[in-house]
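K.L.:
Now for the letters of each chain:
Protein chains: 2
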Amino acid sequence: MKRTIFFLADHTGITVEAMGRSLLSQFEGFDYETVHWPFIDSLEKARRVAERINQTTIESEQKPIVFTTLVDPRIRDYFKDLDVPVMDFFESFTSRLEEELKLPSSHALGRYHTTDNSRAYDQRIHAVNFALHNDDGAITKNYPAADLILIGVSRSGKTPTCLFLGLQHSVLAANYPLTDDDLHNDLLPKTLHVYRDKLYGLTIDPLQLQRIRQERRPDRRYSSLEQCKMEIKLAEELFKHYNIPYLDTTSMSIEEISARLLQHINRAAKVPVNSQ
Amino acid sequence: MKRTIFFLADHTGITVEAMGRSLLSQFEGFDYETVHWPFIDSLEKARRVAERINQTTIESEQKPIVFTTLVDPRIRDYFKDLDVPVMDFFESFTSRLEEELKLPSSHALGRYHTTDNSRAYDQRIHAVNFALHNDDGAITKNYPAADLILIGVSRSGKTPTCLFLGLQHSVLAANYPLTDDDLHNDLLPKTLHVYRDKLYGLTIDPLQLQRIRQERRPDRRYSSLEQCKMEIKLAEELFKHYNIPYLDTTSMSIEEISARLLQHINRAAKVPVNSQ
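Protein sequences, first through last, are from chains W and V.
First residue of the first sequence? That's 1 in my numbering, and the numbers climb one at a time after it.
First residue of the second sequence? That's 1001 in my numbering, and the numbers climb one at a time after it.
A portion of the hints provided could be inaccurate.
[Unchecked claim] The calculated DSS-like cross-link candidates involving lysine-lysine, where the alpha carbons are at most 30 Å apart (straight line), are:
| id | chain 1 | residue 1 | chain 2 | residue 2 |
| --- | --- | --- | --- | --- |
| 1 | V | K1240 | W | K45 |
| 2 | W | K80 | V | K1080 |
| 3 | V | K1141 | V | K1190 |
| 4 | W | K198 | V | K1045 |
| 5 | V | K1102 | W | K2 |
| 6 | W | K190 | W | K240 |
| 7 | V | K1141 | V | K1233 |
| 8 | W | K240 | V | K1045 |
| 9 | V | K1045 | V | K1002 |
| 10 | W | K63 | V | K1102 |
| 11 | V | K1198 | V | K1229 |
| 12 | V | K1229 | V | K1240 |
| 13 | W | K102 | V | K1002 |
| 14 | V | K1141 | V | K1240 |
| 15 | V | K1063 | W | K102 |
| 16 | V | K1198 | W | K45 |
| 17 | V | K1233 | V | K1190 |
| 18 | W | K63 | W | K45 |
| 19 | V | K1102 | W | K80 |
| 20 | V | K1141 | V | K1198 |
| 21 | W | K102 | V | K1080 |
Hint data in this document are derived by calculation from the structure and do not stem from the laboratory.
The model shown is predicted, which means the values in this text are computed figures rather than measured ones.
With the hints as constraints, model all of the structure from the sequences given.
P.N.:
What follows is the structure in C-alpha cells.
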C-alpha cells in the first residue's frame, strides 16, 4: 500500500511540492501518493485538512507524512498537534534568518509566486511571448533583443527549453531549426552570422530523435533512423566548424538543459553566475 | 549595500532557489543579490565556490547567507566549516525521513528534475506541445483529449497559463479566444458546446487589459479602453449565462491561476486534490 504524502501550503504550494519531492527522491523503492492542499489560509480550512489527514491515518493504517510551507504560526501549530510526522520547512529557517538578518519576518501569506513585483512579472510574460513569437526561425527581426538563440534539428528540444527559460527565468530565447537545406549546404544560415555570440546548439542521440519523430509523424523519411543519423551528424559538424557551444540533450530534462544554458549566458557575459 | 545570497546545489538548483526566495520574501525591506551555483558535484568545485564565498565576505564586509540542497555529506560538510550562516535544507529533514520511513537515503545527486521517470517526462513534453498546438481556437479536433479548455478575450492570460500547466503539471490545456463576433452573438461558440464541462473562463480588469494590449498593438480599437470594457462585460455575461466557472486574473501570477485551476480539475473529476 502506498504511503500518503500531504503537501500543505497557504498559497500555491509550488515550493512545498518541489522541496518534498526533492527529498523523497532520495529514497529508493519508496512508493507514495500525494495530496496537494494549497491556499490553506484560515483555521477553518486547516480544520478540514486535519480531518482528512486523520481519516487517511485510519484508512491506510499507516501515518501519512505531512510537508508544509505554512507561514501563519497559528495554522502551523494546528498541524503540529496531530499525531503524524510534520516536515515544516519554514519553522526552523525563519527563526534562524530573523536572527541573522536582525529583522522580524512578516508572517505574510503567499509572498512568493505573486505579481507583487510587477516589473519582474511583466518581464516573465514578455519572455514567454518572445519564445512563442520567435520559435521557428521564420521571424529573425527580433534576434537583436534575444539573450540566446538555440539552434538544432527538428525535435532536439529547442521549443520547450525556450518556453521554460522564458517562464521561469525571464530569458529571451529564440530558436532556429536547422533544416535539411541548411545542413547539406554545410554552412551556417546567413541570417545567423551576425548573432554568432548568441548561438547555442542542441543535439540528441539519433535513436531517441527517431523515437520522438516517429510518434509525431510516423513512417516518413523525417522519422527514419537514417535521416535522423544524417541530420545529427551534419548538425554536430556545423557546431564544431563554427565553434558553437552545444549540448547533448538525450538524457536531460528541460530543467537540466536550462540550468546549463543559464550558466553559459552568465559566463559568456563575463559576469559571475548571478541571476539578479 | 545589498547582502549576497548564495544558492548552492549539486544539480539544477531549482529547489534551493524556490525555497530560499520563498523564505526571504518573508523579510520586508531586505535587499539582496543572488549568486546561483548549480552542479556542485565534486569537492574540487566545492572548493572554488568556497573561495568565492570567502571573497564576498571580505569585499562586502557582510557575511553572505548560503542556502543549499546538497546531498553528498562530504560536500555539505565542506560548507559548514565556513564562517557564514548556512541554511541546509536537506540535512535535518533527511535524517527525520530516514527514521520515519525506516529506509536509508541514497545520497544520490540530482534525483529530482531528471528524465529518470521517462514516461512522466514524456507526458510533460506532450502537454507542452498540446498547449502550443491548441492555442488559438483554430484547431478544435484535439479537444476530446483536453483536460481543460480556457476561454476568454485576447490577452486575458490564457496562453502562458496553458503552457505553465503543461510544463509543470502535464495538464493538457487548450485555449479558445472569444472574439468580437462570439461576444456580440452573446452565444457560446458552437464547437464548444460539447465540451462545456472542460471550459473555464479567464477575465481581467479592463484597465489592465488595456495596458497590456496597448503595449502589444498601440492605438487601435483593439487597445482602446472602451473596447476592453465592452469585451470583458460581454465575456463575463457569457460565463454567467452558461454557468462557466471563471477567475479574475488581474492580480494573479501564472502560478496562482494554475494552482486554482488544478484544484478545479480535481474537484470536477470528483477525486481528492491529488496530483499523482
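K.L.:
If a hint holds in the structure, say so; if it doesn't, say that too.
P.N.:
Here is what the structure says about each hint:
1. Distance restraint check for K1240/V and K45/W: the Cα-Cα separation of roughly 27 Å lies within the 30 Å cut-off, and the hinted pair is therefore satisfied.
2. Note on K80/W and K1080/V: the hinted pairing holds, with a Cα-Cα distance of about 29 Å set against a maximum of 30 Å.
3. Between K1141/V and K1190/V, the direct Cα distance comes to roughly 13 Å. Compliance with the 30 Å bound is thereby established for this hinted pair.
4. A C-alpha spacing of about 27 Å is found between K198/W and K1045/V, which places the hinted pair at or below 30 Å, so the restraint holds.
5. This hinted pair checks out: K1102/V and K2/W have alpha carbons roughly 15 Å apart, not beyond 30 Å.
6. At roughly 17 Å between alpha-carbon atoms, K190/W and K240/W fall within 30 Å of each other, so this suggested pair holds.
7. Restraint check: the Cα-Cα separation between K1141/V and K1233/V comes to about 29 Å, which is no more than 30 Å; the hinted pair holds.
8. Simply put, K240/W and K1045/V have alpha-carbon atoms about 27 Å apart, close enough for the 30 Å limit, and the pair holds.
9. Taking the CA atoms of K1045/V and K1002/V, the gap is near 26 Å; set against the 30 Å cutoff, the hint holds.
10. Proximity of K63/W to K1102/V is assessed by CA-CA distance (about 13 Å); at most 30 Å being required, the pair is judged to hold.
11. Straight-line distance between C-alpha atoms of K1198/V and K1229/V comes to about 26 Å, which keeps the hinted pair within the 30 Å bound.
12. For the hint linking K1229/V to K1240/V, the alpha-carbon distance of about 17 Å falls within 30 Å, and the restraint holds.
13. Using a Cα cut-off of 30 Å, the hinted pair K102/W and K1002/V holds, with the two alpha carbons roughly 15 Å apart.
14. Between K1141/V and K1240/V the alpha-carbon distance is near 26 Å, which keeps this suggested pair within the 30 Å criterion.
15. Of the pairs offered as hints, the one joining K1063/V and K102/W holds, with about 13 Å between alpha carbons and a cut-off of 30 Å not exceeded.
16. Taken as a hint, the K1198/V and K45/W pair is honoured in the structure, with Cα atoms around 27 Å apart against an allowance of 30 Å.
17. For the suggested pair K1233/V and K1190/V, the alpha carbons sit about 20 Å apart, so the restraint of at most 30 Å is met.
18. A hinted pair counts as satisfied when its Cα atoms are at most 30 Å apart, and K63/W with K45/W qualifies at roughly 21 Å.
19. The suggested pairing of K1102/V with K80/W holds, with an alpha-carbon distance near 21 Å, which does not exceed 30 Å.
20. Restraint check for K1141/V and K1198/V: satisfied, since their Cα atoms lie roughly 14 Å apart, inside the 30 Å limit.
21. Restraint check for K102/W and K1080/V: satisfied, since their Cα atoms lie roughly 21 Å apart, inside the 30 Å limit.
Violated hints are absent here; each numbered hint is respected by the structure.
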